[in-house]
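Sequences are here, hints too, so could you generate the full structure?
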Amino acid sequence: MTSLRILWAVIVREMRRFLQQRSRFFGALVRPLIWLLVFAAGFRAALGIAITPPYDTYITYDVYIVPGLVGMVQLFNGMQNSLSMVYDREMGSMRVLLTCPQPLPFLLFSRLFAGMCVSLLQVYAFLLIARLSGIDLPWQGFVSVLPALVLTGLLLGAAGMVLSSQVRQIENFAGVMNFVVFPLFFLSSALYPLWKMQEASEWVYQLCRFNPFTDAVEMIRFALYGQWQQDAIVHSLLATAVCLLLALWGYRPRQRA
Amino acid sequence: MSAALHIAGLSHRYGARQALDKLALQVDAGQCCILLGPNGAGKSTLFGLLTRLLAVREGSIRIFGQPLCARALARVGVVFQQPTLDLDLTVEQNLRYFGALQGLHGKQLILRIGAELERLQLAARRRERVRELNGGHRRRVEIARALLHRPALLLLDEPTVGLDLPTRQQLIDYLHALARDEGLALLWATHLVDEIDPQHDQLALLHRGRLLASGAVAPLLADAGCHDLGGWFQHHTGATS
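Taken in sequence, the protein lines are chains A and B.
Using the working numbering, you'd call the opening residue of the first sequence number 16 and step up by one each time.
Using the working numbering, you'd call the opening residue of the second sequence number 17 and step up by one each time.
Because the hints were derived from the structure by calculation, they are not lab data.
No experiment lies behind these values; they were computed from the predicted model shown.
Treat the hints loosely; a few may be bogus.
Chain A residues, not near chain B, derived (Cβ > 12 Å throughout) [to be verified]:
hint	residue
1	G42
2	L112
3	D151
4	Q181
5	V191
6	L263
Some chain B residues near chain A, calculated using beta-carbon distances under 7 Å [what the hints assert, rightly or not]:
hint	residue
7	T67
8	L70
9	G75
10	A90
11	V94
12	T100
13	D104
14	Y113
15	A116
16	L117
17	H121
18	G122
19	K123
20	I126
21	A238
22	C242
Label pairs and their in silico Cβ distance ranges [claimed, not checked]:
hint	chain 1	residue 1	chain 2	residue 2	range
23	B	Q124	A	G42	44 to 54 Å
24	B	V177	A	Q181	25 to 35 Å
25	A	S38	B	V177	26 to 36 Å
26	B	R224	A	G42	41 to 51 Å
27	A	Y139	B	Q137	41 to 51 Å
28	A	Q155	B	V177	31 to 41 Å
29	B	E134	A	R267	31 to 41 Å
30	A	Q36	B	Q98	16 to 26 Å
31	A	S38	B	E144	16 to 26 Å
32	A	E214	B	E144	56 to 66 Å
33	A	Q36	B	A240	49 to 59 Å
34	A	V195	B	G81	41 to 51 Å
35	A	P69	B	V177	57 to 67 Å
36	A	Y139	B	A140	31 to 41 Å
We put the beta carbon where it would ideally sit given N, CA and C, even for glycine.
Structure (structure tokens):
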């Protein structure tokens, strides 16, 4: 019971922080909406997507891109969360969490889970705006996608946690964006189907195939239509477990604080 | 009865640099132990070890007879040198968050928050965002937070840094009263000798990772043939306080 209360307290704290930082909320929404309403609108006329699962008919590019943008929201939230952990560590409030009388793995998981909850808020706001803007998304997909969003949020949050355990100063974080976030996003199926990538370049296709973010996006894509992509789920679960272990290792008490 | 804090043979190094060297120290209930040392003496390293931020590799730390574990930490309150409050949350939200981390909830938590804010004269500011408070009030909130779960041992890492003189003196008096009147054990790291109460405090002088002297103030001054703490500090460390 105490553990649940602590988990709840950490979630409430992260939610409050997020909602009070209004610019962060709008920033989280504006980025994918620009991709959807400007970038995808331009491509809509030029690019249609052939019938491939989970779609049972031809779809327009803006419908295709939605799961990738949902992944983008969670990816940026995971990185924002990890940036805030570096900041918290520099400013000291991370110390308060780590010195409270609870096992370290539980405390880190609480923080990760809270970050994932914040990402759900952003994703659902984005999906709602997308749906109201006329993008053809099934309403029932809003429910069926939830487990995939939880897993993706944990995966990307844990990946961010691994990074935050290794980045010692906020100033170094710009490099993370260039060397981690952009390659993860662009070398995935978020913007183009993998078969299109393969037509363009075999080695880019192979990089995309082994990118865990591709699995996360595909998991979301299928879940939005009430389907389960087993390989993507298994790969995402494995990647989440690996990232969690690495994060625990990164945050263990060590020789140098 | 076990000592509130018992440190034996504690060493720590950063690469080739020895930050702490076989430190032995004991703080009993109701005692205010001032850990005095110039910058770089090893005070922050000791606090890192006491709060599990650094791994203890050599020596031992026991809190009320227990090794340093989650259960032992439940009896410890910590005020860090750096500010550790959430600037975007209100005073009350900060305290609620910390109280929950300590396992407090419901009416008990609300009553404790009210009591601590009242005690530190912050009740009127409970709904203000921490960002809107001045340095002295922020420090008081940190102390209220550290006392919220009624710890028996309070660790203070340079708690008066950055405060103006009147606020600093108020805080010093308040902290001393916690040990004297409420029986709390205090380990208080500082490099300022005017924070010491010569009548009541125990002194531990740390320099280059080693404990040079410890005990009550009067015998320490007499042993060194010094008349005041400033001179005594300079005599041992070569630094001025």
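Hint by hint, here is what the structure shows:
Even its closest Cβ contact with chain B, about 16 Å, leaves G42(A) beyond 12 Å, as expected for a residue assigned away from the interface. Its beta-carbon lying about 7 Å from the closest one in chain B, L112(A) breaks the requirement of being farther than 12 Å from that chain. Listed as outside the interface, D151(A) is consistent with that label: its C-beta sits roughly 38 Å from the nearest C-beta of chain B, beyond the 12 Å cut-off. For Q181(A), the non-interface assignment is confirmed: its Cβ lies about 17 Å from the closest Cβ of chain B, beyond the 12 Å cut-off.
A cut-off of 12 Å between C-beta atoms confirms that V191(A) is not in contact with chain B; the least separation is 23 Å. Against chain B, the non-interface label of L263(A) holds: every CB pair exceeds 12 Å, the least being about 14 Å. Interface restraint check for T67(B): the shortest CB-CB distance to chain A comes to about 4 Å, inside 7 Å, so the restraint holds. Because the smallest distance between the Cβ of L70(B) and any Cβ of chain A comes to about 5 Å, under 7 Å, the interface hint for this residue holds.
Interface restraint check: G75(B) against chain A, minimum CB-CB distance 14 Å, threshold 7 Å, status violated. A distance limit of 7 Å between C-beta atoms decides the matter here; for A90(B) the minimum to chain A is near 4 Å, and the interface restraint holds. Taking 7 Å as the C-beta cut-off, the interface hint given for V94(B) holds, the closest approach to chain A being about 6 Å. Interface restraint check for T100(B): the shortest CB-CB distance to chain A comes to about 4 Å, inside 7 Å, so the restraint holds.
Among the interface hints, the one on D104(B) holds; its C-beta lies about 5 Å from the nearest C-beta in chain A, closer than the 7 Å criterion. The criterion of a C-beta within 7 Å of any C-beta in chain A is met by Y113(B), whose closest approach is roughly 5 Å, and the hint holds. At its closest, the beta carbon of A116(B) sits 3 Å from a beta carbon of chain A; the interface hint therefore holds under the 7 Å criterion. A distance limit of 7 Å between C-beta atoms decides the matter here; for L117(B) the minimum to chain A is near 4 Å, and the interface restraint holds.
Taking 7 Å as the C-beta cut-off, the interface hint given for H121(B) holds, the closest approach to chain A being about 5 Å. Look at G122(B): its Cβ only gets to about 9 Å from chain A, farther than 7 Å, so that hint breaks. Restraint check, K123(B) versus chain A: the minimum CB separation of about 14 Å is more than 7 Å; hint violated. Hint status for I126(B) relative to chain A: violated, with the closest Cβ pair at about 14 Å, above 7 Å.
Taking 7 Å as the C-beta cut-off, the interface hint given for A238(B) is violated, the closest approach to chain A being about 38 Å. Interface restraint check for C242(B): the shortest CB-CB distance to chain A comes to about 35 Å, outside 7 Å, so the restraint is violated. For Q124(B) paired with G42(A), a C-beta distance near 39 Å fails the hint of 44 to 54 Å. Separated by about 29 Å at the C-beta atoms, V177(B) and Q181(A) satisfy the suggested range of 25 to 35 Å.
Range check, S38(A) to V177(B): Cβ separation about 31 Å, and the 26 to 36 Å hint holds. Checked against the given bound of 41 to 51 Å, the beta carbons of R224(B) and G42(A), roughly 48 Å apart, stay inside it. A hinted range of 41 to 51 Å for the beta carbons of Y139(A) and Q137(B) is consistent with their spacing of about 43 Å. Between Q155(A) and V177(B) the beta carbon distance is about 57 Å. The supplied range of 31 to 41 Å is therefore violated.
For E134(B) and R267(A), the hinted distance range of 31 to 41 Å is satisfied, since their beta carbons lie about 40 Å from each other. For Q36(A) and Q98(B), the Cβ-Cβ distance of about 21 Å falls inside the hinted range of 16 to 26 Å, so the restraint holds. Checked against the hint of 16 to 26 Å, the pair S38(A) and E144(B) passes, with Cβ atoms roughly 21 Å apart. About 60 Å separates the C-beta atoms of E214(A) and E144(B), a value consistent with the hinted range of 56 to 66 Å.
Between Q36(A) and A240(B) the beta carbon distance is about 54 Å. The supplied range of 49 to 59 Å therefore holds. Distance hint check: the CB atoms of V195(A) and G81(B) are about 46 Å apart, consistent with the given range 41 to 51 Å. Between P69(A) and V177(B) the CB atoms are about 59 Å apart, so this pair conforms to the stated range of 57 to 67 Å. At about 38 Å, the beta-carbon gap between Y139(A) and A140(B) stays in the expected band of 31 to 41 Å.
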